[in-house]
Amino acid sequence: MTRRDPAAIAGFAVALGLAGGLTLAGCGEATGAAPAGLPTSATGVRVAGAWIRPTPPITNVAAFYLRVENGGSDADRVVAASSPRCAEIEIHQTTTVDGVASMSLASDEQLSVEPGHDLVFEPNGLHVMCLGLDEPVVEGEAVPLTVQLEIAGSLTVDAVAENR
Amino acid sequence: MTDLMPPRSSGDPGPDANDGPSGRRRFNDGPSGRRRFTVALGVVAVAAVGVVAALAVVSSLRPHLYTGTVLQGDEPAPSLAELAYGDGTPVDLADFDGEVVLVFFGYTNCPDVCPTTMADAAAAVGLLDDGDAERTNLVMVSVDPDRDDAAKVGEYVGFFDPGFRGASGPVEAIDRAASAYGVFYQLNEPEADGSYLVDHTGTLMGIGPDGSVRVIWSSDVGPEALAADIAALLS
Ligand SMILES: [Cu+2]
Numbered sequence: 039m040t041r042r043d044p045a046a047i048a049g050f051a052v053a054l055g056l057a058g059g060l061t062l063a064g065c066g067e068a069t070g071a072a073p074a075g076l077p078t079s080a081t082g083v084r085v086a087g088a089w090i091r092p093t094p095p096i097t098n099v100a101a102f103y104l105r106v107e108n109g110g111s112d113a114d115r116v117v118a119a120s121s122p123r124c125a126e127i128e129i130h131q132t133t134t135v136d137g138v139a140s141m142s143l144a145s146d147e148q149l150s151v152e153p154g155h156d157l158v159f160e161p162n163g164l165h166v167m168c169l170g171l172d173e174p175v176v177e178g179e180a181v182p183l184t185v186q187l188e189i190a191g192s193l194t195v196d197a198v199a200e201n202r
Numbered sequence: 009m010t011d012l013m014p015p016r017s018s019g020d021p022g023p024d025a026n027d028g029p030s031g032r033r034r035f036n037d038g039p040s041g042r043r044r045f046t047v048a049l050g051v052v053a054v055a056a057v058g059v060v061a062a063l064a065v066v067s068s069l070r071p072h073l074y075t076g077t078v079l080q081g082d083e084p085a086p087s088l089a090e091l092a093y094g095d096g097t098p099v100d101l102a103d104f105d106g107e108v109v110l111v112f113f114g115y116t117n118c119p120d121v122c123p124t125t126m127a128d129a130a131a132a133v134g135l136l137d138d139g140d141a142e143r144t145n146l147v148m149v150s151v152d153p154d155r156d157d158a159a160k161v162g163e164y165v166g167f168f169d170p171g172f173r174g175a176s177g178p179v180e181a182i183d184r185a186a187s188a189y190g191v192f193y194q195l196n197e198p199e200a201d202g203s204y205l206v207d208h209t210g211t212l213m214g215i216g217p218d219g220s221v222r223v224i225w226s227s228d229v230g231p232e233a234l235a236a237d238i239a240a241l242l243s
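Top line first, the protein sequences correspond to chains X and U. The C-terminal residue of the first sequence carries number 202 in this note's numbering, and the numbering is unbroken. The C-terminal residue of the second sequence carries number 243 in this note's numbering, and the numbering is unbroken.
Everything hinted at is true.
Beyond 10 Å from chain X on every Cβ pair, some chain U residues (computed):
1) H72
2) T75
3) P86
4) P170
5) G171
6) L242
Covered stretches of chain X, going by a simulated chain U footprint (3 or more residues, C-beta under 8 Å):
7) 95-107
8) 125-134
9) 138-152
10) 167-174
If you're looking for bench data, these hints aren't it; they were derived computationally from the structure. Don't be surprised by glycine CBs; every beta carbon is placed ideally from N, CA and C.
Please put together the full structure from these sequences, using the hints given.
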């Protein structure tokens, strides 16, 4: 798995305007070596059920969906994400009002996850949006995704490409 | 979920209660009492079968309950003739007489709502029987003609189902079509790299076999409900 340079991630988070209170202290010891199965942070947070929809060859955007499960005892917050397959990643919330769907950067509040709770990224809602996708996502492949949390640090998982 | 179920043991004696000691005590007025009870059970069973059969008849007569919003009125669906497919052929809704057409306004740089809706529509077609699937069409109109020509939209939707078709045209024609279908869209401020998002009505509109817009589905309708509604439109 690709380990991202924390400085680059921090820079990216700042660019996203999501960096308020960002700590990188947990980054590194949280995931340790290349994770087998689902990596869990030292604080008991894990990323589960990550998937991505296969993409038509003519587009270079995509969305990752996943669940951040907070099995720890402290609240945490998703601050950024990255993937070697995406030039850029933004964390978006789709909001539908009177049938009109619009996407905006998810707020700190929308990305917080209380202990014992899951933060769910799902179609037509919260999504990790991939911009500048390098090549089409093909059904069945595994696309690496690193999710960075304020306290838990970064967790890298394979998002399964599937239509559902 | 399961904790909503009451515990199975206490209270309700169930059908076998008269086999247990308490059951015997309750029906201890001799063989005739037991027989009467058996006859009563038989009557209940026959009645139950009757009720089930009656319900089946009623539900087959009852009109389908649509998940989408059903529109009244039988005006023909607004024309899309100002728009064209990738090969230059104008969109002629008369091509789909007697069939269902799903109309969707979206754009190919859309990462969430558009692919979700297209994947769900393709899955819904997959759930239909062959005859209904054959008579189900989809036309996606781009609300982002600067980046999407019709060929590109066609390729985009064709990825989800080879039968789906894409259309585009001049901005003014798209504006007219969008407003005729009650669709709103708006380009967002471009980001530093020039890319931009588009807010747009994410509903699917269903033109029925009679050529009028019959049902509108929200983007989270899901394949099963969509397939059931399409089948009802075609029946
Ligand atoms: Cu997005």
